[in-house]
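What follows is the residue order along each chain.
2 protein chains.
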Amino acid sequence: MTSPINRFFSVIPAGGIGSRLWPLSRASQPKFLHDLTGSGQTLLEDTWDRLRGLSSADRIMVVTGNVHETAVMQQLEDLDPKNLVLEKSPKDSTAAIALAAAILEKREPGVIIGSFAADHVIVETAAFHRVVREAVEVAATGKIVTIGIEPTEPSVGFGYIKMGEPIEGAPTAKSVLKFVEKPNIEKAKRYVESGNYLWNAGMFIAPAALLLEQLAKSEPELHAAILEIAEAWDGPQRNAVIEKIWGNLKKVAIDYSVAEPAAAAGLVACVPGNFTWHDVGDFAAIAELQSQGRSGNLAVLGDAKVLADHTSGILVSESNRLVALIGLQDIIVVDTPDALLVTTKEHAQRVKSLVDALKATGHSDLL
Amino acid sequence: MTSPINRFFSVIPAGGIGSRLWPLSRASQPKFLHDLTGSGQTLLEDTWDRLRGLSSADRIMVVTGNVHETAVMQQLEDLDPKNLVLEKSPKDSTAAIALAAAILEKREPGVIIGSFAADHVIVETAAFHRVVREAVEVAATGKIVTIGIEPTEPSVGFGYIKMGEPIEGAPTAKSVLKFVEKPNIEKAKRYVESGNYLWNAGMFIAPAALLLEQLAKSEPELHAAILEIAEAWDGPQRNAVIEKIWGNLKKVAIDYSVAEPAAAAGLVACVPGNFTWHDVGDFAAIAELQSQGRSGNLAVLGDAKVLADHTSGILVSESNRLVALIGLQDIIVVDTPDALLVTTKEHAQRVKSLVDALKATGHSDLL
Chain R
1 MTSPINRFFS VIPAGGIGSR LWPLSRASQP KFLHDLTGSG QTLLEDTWDR LRGLSSADRI
61 MVVTGNVHET AVMQQLEDLD PKNLVLEKSP KDSTAAIALA AAILEKREPG VIIGSFAADH
121 VIVETAAFHR VVREAVEVAA TGKIVTIGIE PTEPSVGFGY IKMGEPIEGA PTAKSVLKFV
181 EKPNIEKAKR YVESGNYLWN AGMFIAPAAL LLEQLAKSEP ELHAAILEIA EAWDGPQRNA
241 VIEKIWGNLK KVAIDYSVAE PAAAAGLVAC VPGNFTWHDV GDFAAIAELQ SQGRSGNLAV
301 LGDAKVLADH TSGILVSESN RLVALIGLQD IIVVDTPDAL LVTTKEHAQR VKSLVDALKA
361 TGHSDLL
Chain Y
1 MTSPINRFFS VIPAGGIGSR LWPLSRASQP KFLHDLTGSG QTLLEDTWDR LRGLSSADRI
61 MVVTGNVHET AVMQQLEDLD PKNLVLEKSP KDSTAAIALA AAILEKREPG VIIGSFAADH
121 VIVETAAFHR VVREAVEVAA TGKIVTIGIE PTEPSVGFGY IKMGEPIEGA PTAKSVLKFV
181 EKPNIEKAKR YVESGNYLWN AGMFIAPAAL LLEQLAKSEP ELHAAILEIA EAWDGPQRNA
241 VIEKIWGNLK KVAIDYSVAE PAAAAGLVAC VPGNFTWHDV GDFAAIAELQ SQGRSGNLAV
301 LGDAKVLADH TSGILVSESN RLVALIGLQD IIVVDTPDAL LVTTKEHAQR VKSLVDALKA
361 TGHSDLL
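Chains R and Y are the protein sequences, given in the same order.
Its first residue numbered 1, the first sequence is counted upward by one per residue in the numbering used here.
Its first residue numbered 1, the second sequence is counted upward by one per residue in the numbering used here.
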């Protein structure tokens, strides 16, 4: 076997609409296809570039919905078409990651995969690379390794990872005792004060075979279906098998199907990520990210002509209109050609219920 | 001479962009061409209909800018084209009203004119008619008569009229001692408490000849120029005279050129207007008008699809977009195809300085 990092293959599951980012993020144009950081690149492009420091271009796989094929291939010029896995319909994270694992294990037995969401933001790339490299080394010893983020506040928006003992021979890795769901604020404070908990950022590094083995134990039917699809993937029967099987695939998050049972079995390790990470879950998070600690400013994403007077918050513009804002604090304005959202940072989470209301009132064309 | 009301002719000066109503109100589409009340008609159409209770359709004259000819003729089907006076360029209220007076006096010596802005809102039409009829009777005795609005609050947004003694034989009219400029809040409170002051709503009823006579005394050059234009108006030399003279017409408000000097000469009377009147000067005023005392609601002008959650204020929509508003109090959102304004009722007056900023930054195409 070659050294662990040479067996490493990056996987980018690019799914999730990001309802809290409506009307910017739509079913046809989800979060990962937008520049939410003002970097001049989309989150997907940023993710690709970040992973290129770990994997050559021919060792990065993207798993996404059929409808995003064109957009993804346009954005990622160096993506090898054979490493683009298109899903017939969304089936949650287990199907996406396990299918990638199964296809790659078949192509290259012994592969170690790392799964990194297409729509997260990481600020310090070098630190990220160091952490993933350590995770790959630990994974090679027969572990499913997650990267936990050192909490900067007692957030109730993330799940947490409870760490156990240091892993012998690893610089920073520890065993994982368990994963815990998003806590209430009191629990979150206790977690952060204890120093034993990290944010679960949903990054997993593991030998593909080990990940599939765990899935076989917890979800044998799903495992069998995924293997059947993977078996046919690189041959003439791919579409026929997908037509037959895809619709019945069980939707389940990989946290439940693999991470939690594996942790209970003592098979999960964790490398603490000492880098800045954001899941940019709502417009308040984007405003936060843009302001970088400077308050009282208006951040602008997009090419809007803007006149702002005594206004702070964020303007996201995808229209070509002049936007004039007067006397608004912590405002969120999202201006797209067919829909306009105005709210405040405080109410950013309520955008999701608005999207639900749109569904209920027959405005699915705007979702 | 026939009875005063039979000599009456209504004049509608339709000018003024309404900068505080940008981006709804534009140079090409000023305030009076918009429905700001939700009546289903524009302010100009509402004004016309209101005056039809006093004047037959052939006794209403409109004075407006050249560029609005098509819009005005489309909106006012019954306007006789010979009663449409088009201004080559804006020259303030004296030129507009005096030209109407001079044209009408030439056509019909002894005419009594009443001038009513095209962009004000009056709620109780019958009361308005009673008040104007009294004003016409008083005007026929050789007075310039203004209609003052009984103040409902110590507004600092209007000029005031100081009343003197009742006029003998008139039901409610009083002499006018003087006109005073927009006061500060302390003065405004004193004015309102005294009971001797009315808001100056800029409505004037007077024999055309008397109005012109006053103008001759205060602004002899302007008077002479207006008479020269009026003399040529209904003949073949109209355009030639306009070309020669119009550019040099002095810009002056009729309050300064006629009303104040005439008041000093004891020639002005006032009929108190006991009807609800609004000059709808900014979006806060429109919101106020829409809410009719009900607070906590979102008023909507236009055909927008709206989703509002815990939001109050006003949305004016001239675009076809969905507008979603969450958690905003006393908000003002004005959504037009090429410009978006978001502000609050508190800051509604600042829209004017924003328009000034647009001028300064070379965005005149949006004004």
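It is possible that some hints are incorrect.
[Claimed, not checked] Below, simulated SDA-like cross-link-like pairs (lysine to any residue); rule was C-alpha separation at most 25 Å, straight line:
| no. | chain 1 | residue 1 | chain 2 | residue 2 |
| --- | --- | --- | --- | --- |
| 1 | Y | K251 | Y | F275 |
| 2 | R | K352 | Y | T361 |
| 3 | R | K359 | Y | M73 |
| 4 | R | K244 | R | E213 |
| 5 | Y | K359 | R | G302 |
| 6 | R | K305 | Y | V156 |
| 7 | Y | K162 | Y | K187 |
| 8 | Y | K305 | Y | S39 |
| 9 | R | K359 | Y | G362 |
| 10 | R | K305 | R | S39 |
| 11 | R | K189 | R | T172 |
| 12 | R | K352 | Y | A299 |
| 13 | Y | K106 | Y | M73 |
| 14 | R | K359 | Y | G40 |
| 15 | Y | K359 | R | N297 |
| 16 | Y | K82 | Y | S39 |
| 17 | Y | K178 | Y | G296 |
| 18 | Y | K187 | Y | Q237 |
| 19 | Y | K305 | R | S28 |
| 20 | R | K305 | Y | T361 |
| 21 | R | K359 | Y | K187 |
| 22 | Y | K305 | R | K244 |
| 23 | Y | K305 | R | E346 |
| 24 | Y | K187 | Y | A170 |
| 25 | Y | K359 | R | V300 |
| 26 | Y | K352 | R | V306 |
| 27 | R | K244 | R | P261 |
| 28 | R | K305 | Y | N239 |
| 29 | Y | K82 | Y | A299 |
| 30 | Y | K352 | R | A57 |
| 31 | Y | K305 | R | H363 |
| 32 | R | K305 | Y | Q237 |
| 33 | Y | K106 | Y | G302 |
| 34 | R | K178 | R | K189 |
| 35 | Y | K352 | R | E213 |
| 36 | Y | K305 | R | S194 |
| 37 | R | K352 | Y | V306 |
| 38 | Y | K352 | R | D330 |
| 39 | R | K187 | R | E288 |
| 40 | Y | K352 | Y | K178 |
Rather than coming from a laboratory, the hints here were simulated on the basis of the structure.
task: Could you tell me which of the hints above the structure violates, numbers in ascending order?
output: Per hint list: 1, 2, 3, 6, 9, 14, 16, 17, 18, 21, 22, 24, 27, 28, 29, 30, 32, 33, 35, 36 and 40 violated.
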